[in-house]
Amino acid sequence: MPDTYFPCEQNENETLPGRVQNFWIDGYIQEGDYFILANFDNYIPGDATHKYYYFCRWKTVSVYGRVQNDGYTFYMNKGNDSDSRFLNGIIMYDIPNLNISVTLTNAVNIVYSPLPLVSSKENQLISFISNVDFFSDQNVLLINYPYDTDDGIKEFAINNVWAHGTWSSTGLSNMGAQNYRMVKGKMEAGARISFYPQPGVVDGKLKLNVLTSGTFDGLQYSTDGVNWHDSGSFPFDFFYKERTNENGTFDFGLTFYASVPVFKDKTTAQKYVNNDPSVSEKDAENWPQISGDYPISNTTGSTLPSSVFGDVKLKGFFTQQYICDATCLQALANDLFDTTAPAWETIKKGLEMYAANIDAVMGLSFWPFDVSTFVGAGNYAAAQYIWLGGYGWDTTGHGTCNHIIYASGYKDLGTVRIIPSFNSWRDYEPYTKLFVSIPFCGTYQLDLSRYMGKDVRVRYWIDTRTNGCICGLIADGYLMDYFNGQMGVTMPINLTDYTAYANSQINTLLGGGGQAINAFGGATNAANAGAVAGMGGALLAGGATAAIGGAVTGAKTVYGLTMNNINNYNKTKGGSSSMLNCYLPQTVDFFFEIQESCEPKNYNSMFGAPSLTGGQIFNFTGYLKCQSVKLECGIATEREREKLKSLLLGGVYI
Amino acid sequence: MALTIDLYNNFSDPTVVHKKMSLIKSAVNCEITQSVDVDELDLLFDMDTGVNTCNYAYIAAFARYYFLTPGIVNGNQMIMHASSDPLTSFWNSYSASQCVAERSSSHGNPNLVDDMLPFKPNPKIIVRQLATGFTPTTTGGCYILTVGGK
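As given, the protein sequences belong to chains V and L, one line each in that order.
Going letter by letter, the first sequence gives residues 1 to 654 in the working numbering.
Going letter by letter, the second sequence gives residues 1 to 150 in the working numbering.
The set of hints was computed from the structure by calculation and includes no laboratory data.
Careful: at least some of the hints might be erroneous.
Stated by the list, open to error - Pairs of lysine to aspartate or glutamate residues, derived as EDC-like cross-links and limited to a Cα-Cα distance of at most 16 Å, are as follows:
#, chain 1, residue 1, chain 2, residue 2
1, V, Lys643, L, Asp37
2, L, Lys124, V, Asp394
3, L, Lys150, V, Glu593
Claimed, not checked - So the derived list for chain L, only partly shown, Cβ under 7 Å to chain V, looks like this:
#, residue
4, Gly71
5, Gly75
6, Leu130
Idealized CB from N, CA, C, for every residue including glycine.
The whole structure should be built from the sequences, with the hints applied where relevant.
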């Protein structure tokens, strides 16, 4: 039973199995799998004599098919016998009104879609196939990108449908270049192929000369993809984009995708094949297509395989950091404040440089996870003592405590693949929007086009000294976006800390929501909060003056924060700080906001879709509204011709 | 000028190329009473031909299909105005013409925005969540103590 069917739109007026829209193939076909094209019809309505059936099967050997009648040609071949994963070429051109049904049998990892696929180097050839418009007057040159084997030898296959000669009713014939249309072989290490345009031959008659260097082995050429012939040398020296039909010479609108470098002139191409270090593939005119890099016209700067991240190992010398549990901290606090403890005098002696014992405690923060998983093995160690100045407080029997040796590290939370829903323009803004909610950093809208089709890795870096964090979104190895946040929760130790802590909370209240409309109201509340915080801190310290000062400081800070948020309210929707973050969702969530359409069921058949496709009118079915038409209608009067043109420009049903 | 025509009932819109029609009567005799050109004719029929029930015709002599519009009835005769239908008549001729489609049912381009497509006012929200997150509970967190010391 077939595993997968290509999408077909049943044509109710015909008994054919269906009409294939633009389709592409993505995936791998493995050894022993079958790729079958069946029921290949050149069908012209009302003309039964033009109906042909064609059967093409692709297995582990090269398969070539051709329908010669009416000059409609179809090729399908697998150019490399040793590795059957790559579908090296589907070349179809000048096929009007193609009706086809496709069945995949035992195909593995095959996906299908009526829509183009985003190109990437890995499946570049497949992408080329996807971009072929089978229904337009295009012919396509597919050249297999040489790929390395283990011993450095590159295998290649070239399908050359560019040729010149006579065009007959049975297709191409009498062409000098045709005999070498398909070439395959191996390039020894260092061997190279390049193209360059022949000067003076431009555009529709583009001629590309070929230069090679180094040693080629196992060269074979074929005219049909089935019968291969050995060749002692590289069997052609140019491609030529011109064909002649029975009506004379004509050119095709050409889609040119080559993964062999095409240089601007012979001098550059010659340098490349001579392994001149001043010229590389990156200097090729078609390097963007080869590499898949975008923007395709920007060749400045250098390319990087991925972002290079810093790796800092920061060590404390006069200050130390310990990862403690609550039991450990409580025991330490008890000892520091217990003047009756036997060790009190020892503690005081160890902390003589400080005005009070508590002054040796410089910071305390709560982290919503085990920090050791970020810092990583080797960067922390179990600590028997917490050193306060010269006094070593013994942690034995008081929970767990680890000394941070190097405060560095990161943690990957996982990966999300951003995939299209419609495989069309609707997958991009403004019809689909992508937001990400990042714990401790906030919620942001992402540029969806930068992430579409990519695996997005979420990585956190932390700074245990400032309690800050950075969350980075990494796609294809590149850091696409990053967001700052506050992950560690500052725990107040003294008055100053407490005031700052309160301000931090107020900042959250004002800025976290990012709503300017509430900003002034928030200021009032925040001022009160600041006052309370200051008072609280003062009570803890036992000084009324300090309480008032804390309140004033809090209010001033709040006012400043308020104005700041009014001016910047639209820059963030989150980024809360401190403890309040811990109440928010603790997972990274990607939100797709998708505009749903509500078109009638027969929308496509009644209105069609934007097309901008060129071709002969009988190539189209259903609704057709022409943008322009070059009308050829022998027997119509001038008035009928105008009427006909008006109808075609206004929209007709075929 | 006498003519022989086939009379049809056409059920399709003028913008349909392959019209759905049924043959009512073939080889009906009529006369051209007036013509501006071959595409616009006035034809005189006998009423008993049943032409009054038809709205479409094919004239083999002109190799054209025509839309019929009832005209003057005079006794047992009726004048029908015939206007040619080039869309259907010349399909085999003009269908090989080159064109660029602005909209098409069979050749839609998914990369082009369709500004005719209506949308619902409320967007649909889909959430994809990372399996791993943070656990700020009493057991899931930790404290970092910073002290002055060696």
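query: Looking back at the hints listed earlier, which ones does the structure fail to meet?
result: 2, 3, 4 and 5
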